[in-house]
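Sequence lines, in order, name chains A and B. The numbering of the first sequence is numbering that gives the first Met the number 0, which starts it at 0 and goes up by one. The numbering of the second sequence is numbering that gives the first Met the number 0, which starts it at 0 and goes up by one.
If you're looking for bench data, these hints aren't it; they were derived computationally from the structure. From a predicted model like this one, the values you see are computed outputs, not experimental measurements. Where a beta carbon is used, it is the ideal one built from N, C-alpha and C, also for glycine. You may find that some hints are simply not true.
In silico lysine to aspartate or glutamate, DMTMM-like type, Cα no more than 25 Å apart, as pairs [said to hold, decoys possible]: (1) K121/B - E152/B; (2) K111/A - D243/B; (3) K32/B - E46/B; (4) K160/B - D21/A; (5) K219/B - D7/A; (6) K121/B - D7/A; (7) K103/A - D173/B; (8) K103/A - D242/B.
Covered stretches of chain A (in silico footprint by chain B; criterion: 3 or more residues with CB under 8 Å from a CB of chain B, positions within the stretch not fixed) [claimed, not checked]: (9) 30-37; (10) 77-85.
Looking from chain B toward chain A, a few residues come up when the C-beta cut is under 8 Å (computed) [as the list claims (entries may be wrong)]: (11) A221; (12) P223; (13) V224; (14) G227; (15) S233; (16) T234; (17) V235; (18) Q238; (19) L245; (20) F250.
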Amino acid sequence: MKILIVDDFSTMRRIIKNLLRDLGFNNTAEADDGTTALPMLQGGKFDLLVTDWNMPGMQGIDLLKHVRADESLVKLPVLMVTAEQKREQIVEAAQAGVNGYIVKPFTAQTLKEKLEKIFERIEG
Amino acid sequence: MGKPVMEEQNILTDENIARVRDLLATLERGDIKGANEVIDDLASIRESDIYKEMGKLTRELHDAIMAFGMDEQLSVLAENEIPDARQRLRHVIDMTDQAAHRTLNEVEESLPVCEQLETRSKSLHDDWLRFKSRDMDINEFKQLAHRLDKFFEVNTNDASKLRESLNNVLMAQDFQDLTSQIIKKVIKLVEEVESNLVEIIRLTGAPGGKKQKDPKQEEKLAGPVVPGVNDGGSTVSGQDDVDDLLSSLGF
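Given these sequences and hints, build the entire structure.
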């Protein structure tokens, strides 16, 4: 299971990375915005994308749209972890095909539940 | 500032008429000194008016200078204080960033220590249970005793490592005190700018009523929800709300 973590704050990337490792996901990579993340996704075989929304360069929502528009990535599960809590934004992310939406600040338990849900749906 | 207008004063008083008669009489007598005195008297009537007007002008000038001084205060705010505040806020970002990384470093170093401790304890516990149920020969027991010795030694070491890490995590929290002092200063500055701007709006008589929607505002992302600050639009309050909203959309 290879996971790409995209967030412009390195501390948040480290937190997510540590939480994922605690859940048994040791194979992670990091990117600081959509522009750097997209070629990584296209080049390496990632099984999950965890992305922030608000980033300089390409934002998370646009990264999600690019992923869904890319034939090789269309089925990649995407989990959004963001401070954006407006209803219309959550709806927008859902319509763009997000697989899970976590608002910051979040707990390790929330991350675990959302990941389990995503994998359940993929397997089911 | 209006053009000063001399107030019309009634000079047709009996006193004044008497003064003019005096003047005429002194002149006819050839009393130059007396005539000069009367003329001085008459002139003083006008002079007191001029002093009054001067007083009014001085007050207006004073007010104008005060207003100008406030303009200057605002330019000091704009030229020095605001860039200074920006610098201070950047420093806050740096400090919180450092604190977070210091904490994360310690956590990343401590977690493997905990994992090893857990693994060692588990394996020793299993053997210990075997020993208690007498399911162990003497050679194995000698090995177990040796491992126990080692275990105590390593644990003491690891415990002090963990204590040091936790102390470092504790120390990393000192940013909170410092950053809040800086942020409070900046809040004060913002208040100062606000009251100056309000005063200027009042002085220039700009209409304060009409609120125009900033077209950029709508494109901006709202970011983290701050209690007591309404960014407009409806926000969810936490993960449960997000889950409810998503499930209502068929998730």
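Structure-based check of each hint:
1. K121/B - E152/B: holds (17 Å)
2. K111/A - D243/B: holds (18 Å)
3. K32/B - E46/B: holds (21 Å)
4. K160/B - D21/A: This hinted pair holds, its Cα atoms lying about 21 Å apart.
5. K219/B - D7/A: Since the Cα atoms of K219/B and D7/A sit roughly 17 Å apart, the hinted pair holds (cutoff 25 Å).
6. K121/B - D7/A: Cα-Cα ~40 Å, so violated.
7. K103/A - D173/B: Holds. K103/A to D173/B sits at ~23 Å (cutoff 25 Å).
8. K103/A - D242/B: The given pair, whose Cα atoms are some 14 Å apart, holds under the 25 Å limit.
9. 30-37: Since three or more residues must qualify, the claim that chain B covers the region 30-37 of chain A is violated, with 0 doing so at under 8 Å.
10. 77-85: With 4 residues closer than 8 Å to chain B, the region 77-85 of chain A meets the three-residue bar; holds.
11. A221: Interface hint status for A221/B: holds (5 Å vs cutoff 8 Å).
12. P223: holds (4 Å)
13. V224: With Cβ-Cβ at 5 Å, under 8 Å, it holds.
14. G227: violated (15 Å)
15. S233: Where the cut-off is 8 Å and the nearest Cβ of chain A is about 5 Å from S233/B, the hint holds.
16. T234: holds (4 Å)
17. V235: holds (5 Å)
18. Q238: Because about 6 Å separates Q238/B from the closest Cβ in chain A, which is inside the 8 Å limit, the hint holds.
19. L245: Interface hint status for L245/B: holds (6 Å vs cutoff 8 Å).
20. F250: holds (7 Å)
Checked against the numbered hints given earlier, this structure breaks hints 6, 9, 14; the rest are met.
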